[in-house]
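**Student:** This is what each chain is made of:
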Amino acid sequence: MKAVIELRDVRLAYGAHVVLNGITFSVHRGETLCVLGGSGVGKSTILKLILCLESMDSGSVTVLGHDLCSAGRSEIFKVRQRMGMVFQGSALFDSLPIFDNVAFALFEHTDLPLETIRERVREALAFVDLDFERVGEMLPSELSGGMKKRVAIARAIVHQPEILLFDEPTSGLDPITTRKIDTLIVKLRQELGVSSIVVTHDTQSACRIANRVALLQAGDIIFMGTPQQMLAAENPYIREYLE
Amino acid sequence: MPASDLSPLRLLDRALKSAAYRVQQYFDLLGRVLVSSVSRPFYGRDLTQQMDTIGVGSIGIVALTGLFTGMVLALQSAVEMRQFGATIYIGRLVGASIVRELGPVLTALMVTGRAGSGMAAQLGAMRITEQIDALETLGVDPVRKLVAPRFLAALIVLPMLTVVTDVIAVLGGLLIAVVKLDLTATLYMRSVYQALADTGFIFRFIPIDLVQGLVKPFVFGGIMALTSCYYGLSARGGTEGVGRAATHAVVTSSILILTTDYLLTQLLIALLIE
Chain H
261 MKAVIELRDV RLAYGAHVVL NGITFSVHRG ETLCVLGGSG VGKSTILKLI LCLESMDSGS
321 VTVLGHDLCS AGRSEIFKVR QRMGMVFQGS ALFDSLPIFD NVAFALFEHT DLPLETIRER
381 VREALAFVDL DFERVGEMLP SELSGGMKKR VAIARAIVHQ PEILLFDEPT SGLDPITTRK
441 IDTLIVKLRQ ELGVSSIVVT HDTQSACRIA NRVALLQAGD IIFMGTPQQM LAAENPYIRE
501 YLE
Chain Z
127 MPASDLSPLR LLDRALKSAA YRVQQYFDLL GRVLVSSVSR PFYGRDLTQQ MDTIGVGSIG
187 IVALTGLFTG MVLALQSAVE MRQFGATIYI GRLVGASIVR ELGPVLTALM VTGRAGSGMA
247 AQLGAMRITE QIDALETLGV DPVRKLVAPR FLAALIVLPM LTVVTDVIAV LGGLLIAVVK
307 LDLTATLYMR SVYQALADTG FIFRFIPIDL VQGLVKPFVF GGIMALTSCY YGLSARGGTE
367 GVGRAATHAV VTSSILILTT DYLLTQLLIA LLIE
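Taken in sequence, the protein lines are chains H and Z.
Those letters in the first sequence? Residues 261 to 503, per my numbering, in order.
Those letters in the second sequence? Residues 127 to 400, per my numbering, in order.
To be clear, the hints were calculated from the coordinates, so they are not data collected in a lab.
Warning: the hint list may mix true and false statements.
Unchecked claim - With a Cα cut of at most 30 Å, we get these calculated BS3-like pairs of lysine-lysine:
(1) H:K440 - Z:K143
(2) H:K408 - H:K308
(3) H:K338 - H:K308
(4) H:K447 - H:K408
(5) H:K408 - Z:K271
(6) H:K447 - H:K262
(7) H:K308 - H:K440
(8) H:K447 - H:K338
(9) Z:K143 - H:K338
(10) H:K308 - Z:K306
(11) H:K262 - H:K308
To be verified - From the structure, some residues in chain H lie toward chain Z, with a derived Cβ separation under 10 Å:
(12) C312
(13) F347
(14) T437
(15) K440
Stated by the list, open to error - Simulated restraints, written as ranges between beta carbons of each label pair:
(16) H:K262 - Z:G183: 51 to 61 Å
(17) H:D354 - Z:V182: 54 to 64 Å
(18) Z:Y147 - H:I436: 41 to 51 Å
(19) Z:Y147 - H:A478: 41 to 51 Å
Bear in mind that the values here come from a model prediction, so they are computed numbers and not experimental data.
The C-beta atom is built at its ideal place from N, Cα and C for all residues, glycine as well.
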């Protein structure tokens, strides 16, 4: 299977604090990889490195065949247009209504007529169980946390990306909304064939959505395998983490 | 932190490196803004929106600043000039000092306080809530989308606002000259015109003083917008960081404006008058 994201020997340190100590992994087309680990172990940093929002000390990151370490600014922006990101705090543009938030990438990168854009936004919102007529004109501040997350997912998928990155998509949400978001992530893989990396603390969530799980500790990947293999692992840290 | 890291030399070294890095980032941002301003895609709607926010939104404050500055200048100079029976020259003093110096500088400082702090706070809040990162992940360059329109808008509207300040300040002086000093409006306005005519004209009819007075706000506008956006984009550390960014934006812009004013005055005098 072809890798759409590949990290090789990636190292990053802030002064004396080593965040990533030479991690290597890849994500294949149509696969969901969950990255688990305690707070501050560098999970979100991995997403930022993949998006080139942060630079590493050494190693390489290849996304959709592009080596982003040697890529110029315009090439990076082009690769990003084939990806979508759902931020921990949703990161919706607070001065824009939901329609403009979701349609943002379409307005920026396509010449589609307004009617087509409205239809695409309607479809994206319907995919995450939101009613365009109800929320389209609302501002992000008028939505609940769960709805904001769903709008963020709609914004990330509206331009039909090949890769989706999720940073703690279920943090701070109640169990029912958490399950809804999990179902959406699985639906994205099954119906749209999207490859994704999900950074999370939630092991139950990870077991529901992941094809593979990576567990980070002190800058290293100490486990990589299926959720079933993780649950059966005897490594004391993994047991402690799961319990 | 280990004791060796706290040695004065080590601390000085770190502070200098950090300052040099910030200057490098500032000029890197300037370069990117200049490139973004002259290459596609352009964000025309954002530009007009920023011109409205910075320009139309600041008219009231610069008008008030101009009015009271002109009135105070006329009043204060009358005290001195009356001793020599030279109150008829008050128009010259008000006209020259407003058009050459006070108009551009006060306008820039007032707009920095109003719009510059707003820019830094808005971009800072966007940085802290990951909206800037979201823009980047959607394949949009934040410098092109957020900074370039603000920079261009400031370049365009600052000279216009300066003209507003100049005109209202001269009228403020006129009010005092007529009401308090018993001068005629014609005498006062002729005196203002003579002040501007004294330094000569470019293309026969554009007073050199006016050119000086409009080149400065153009540069000040760029400094204000760039500095405010720089601090906004580099905001860190929650709401406190946003407040810090706004404060730094206003203080640094003001200092840079005053310093640049001196250097520009030297340069313009050498180029246009001497």
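**Student:** Next, verify each hint and record whether it holds.
**Tutor:** Status of each hint after checking the structure:
In summary, the hint linking H:K440 to Z:K143 is not supported, as the alpha carbons are separated by about 49 Å, beyond the 30 Å threshold. For the given pair, H:K408 sits about 21 Å from H:K308 by alpha-carbon distance, which is consistent with the 30 Å threshold. Distance hint between H:K338 and H:K308 is fulfilled; the C-alpha atoms sit about 16 Å from each other, no more than 30 Å. With a CA separation close to 18 Å, the supplied pair H:K447 and H:K408 stays within the 30 Å bound.
A hinted pair counts as satisfied when its Cα atoms are at most 30 Å apart, and H:K408 with Z:K271 qualifies at roughly 23 Å. Between H:K447 and H:K262, the direct Cα distance comes to roughly 21 Å. Compliance with the 30 Å bound is thereby established for this hinted pair. The hinted pair formed by H:K308 and H:K440 meets the criterion: a straight-line CA distance of about 25 Å does not exceed 30 Å. About 26 Å separates the Cα atoms of H:K447 and H:K338, which keeps this hinted pair within 30 Å; it holds.
Distance check on the hinted pair: Z:K143 and H:K338 sit about 34 Å apart at the alpha-carbon level, beyond 30 Å; violated. Taking the CA atoms of H:K308 and Z:K306, the gap is about 66 Å. The hint is violated against a cut of 30 Å. For the hint pairing H:K262 with H:K308, the CA-to-CA distance comes to about 22 Å; that is within 30 Å, so the pair holds. Interface restraint check: H:C312 against chain Z, minimum CB-CB distance 8 Å, threshold 10 Å, status holds.
Annotation: H:F347 was flagged as interfacial toward chain Z, and the flag holds, the nearest CB pair being 5 Å apart, inside 10 Å. For H:T437, the interface hint is violated, the least distance from its beta-carbon to any beta-carbon of chain Z being 20 Å, above 10 Å. With its C-beta approaching chain Z no nearer than about 22 Å, H:K440 sits outside the 10 Å limit, and its interface hint is violated. For the pair H:K262 and Z:G183, the beta carbons lie near 53 Å from each other, so the given range of 51 to 61 Å is met.
For H:D354 and Z:V182, the Cβ-Cβ distance of about 23 Å falls outside the hinted range of 54 to 64 Å, so the restraint is violated. Look at Z:Y147 against H:I436: about 48 Å separates their beta carbons, and that is inside 41 to 51 Å. The hinted window of 41 to 51 Å between Z:Y147 and H:A478 is violated, with their beta carbons roughly 29 Å apart.
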